[in-house]
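Visitor: Produce the complete structure using the sequences and hints provided.
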Amino acid sequence: MLSCLLPVSVQVALAAEMASCLPMLGPLVALLFALCGLLVHSQNLSWRAFMEQHYLSTSWKFSDYKCNNLMREREAPEDRKDHIFIYTLWHKIEHICLRKWRDPYRNVYIWAQHPFLILQCYHKKNRKGYREHSSYSYVEFHCGGNGYVDGIEDIRVVHIKK
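Using mature numbering (1 follows the signal peptide of the UniProt record, and there is no 0), the letters of the sequence shown correspond one by one to residues -15 to -1, 1 to 147.
Incorrect hints may have been included.
In silico DSS-like cross-links for lysine-lysine, where the CA-CA straight-line distance does not exceed 30 Å [said to hold, decoys possible]:
{"hint": "1", "residue 1": "146", "residue 2": "66"}
{"hint": "2", "residue 1": "46", "residue 2": "109"}
{"hint": "3", "residue 1": "146", "residue 2": "113"}
{"hint": "4", "residue 1": "66", "residue 2": "109"}
{"hint": "5", "residue 1": "146", "residue 2": "110"}
{"hint": "6", "residue 1": "113", "residue 2": "77"}
{"hint": "7", "residue 1": "51", "residue 2": "77"}
{"hint": "8", "residue 1": "85", "residue 2": "113"}
{"hint": "9", "residue 1": "113", "residue 2": "46"}
{"hint": "10", "residue 1": "66", "residue 2": "77"}
{"hint": "11", "residue 1": "51", "residue 2": "110"}
{"hint": "12", "residue 1": "51", "residue 2": "66"}
{"hint": "13", "residue 1": "146", "residue 2": "46"}
{"hint": "14", "residue 1": "85", "residue 2": "109"}
{"hint": "15", "residue 1": "77", "residue 2": "46"}
{"hint": "16", "residue 1": "51", "residue 2": "113"}
{"hint": "17", "residue 1": "66", "residue 2": "113"}
{"hint": "18", "residue 1": "146", "residue 2": "77"}
{"hint": "19", "residue 1": "146", "residue 2": "51"}
{"hint": "20", "residue 1": "66", "residue 2": "46"}
{"hint": "21", "residue 1": "110", "residue 2": "46"}
Because the hints were derived from the structure by calculation, they are not lab data.
Guide: Dropping the structure here:
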């Protein structure tokens, strides 16, 4: 299209000018990729923190998880009266904040469609250790601004596990 509008000498000059700009674009493009990577990483920080604090892997038996060990290992906050751990496959938690076609919910509370096996850890009265309570419960999650679960708001017990 340019060949019709511009004389050949101008086209050659433009091509030479564009070629001289290419070495400067390389570092700029690399910087943009790095910034995009940092943005994606920062969006996943709340998700990772949530999973580290509340997720129990199904690679172990549920009965192997004990509150005293979990609360110490996960460095769970001690200022709360209880702490909830969820025993399920990680992708079931990840999909809580997704609508159809991978469009995420943002800054809303969502009740899970199915109950999860949860372990609740309570401080003992003397504050030296924890007592545990396990149940199948519906969980209300908070979907953060990045479209990932970043908190637990509420639970509704369906069945107490003995």
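Visitor: Hint by hint, which ones does the structure fall short of?
Guide: 6, 8, 14
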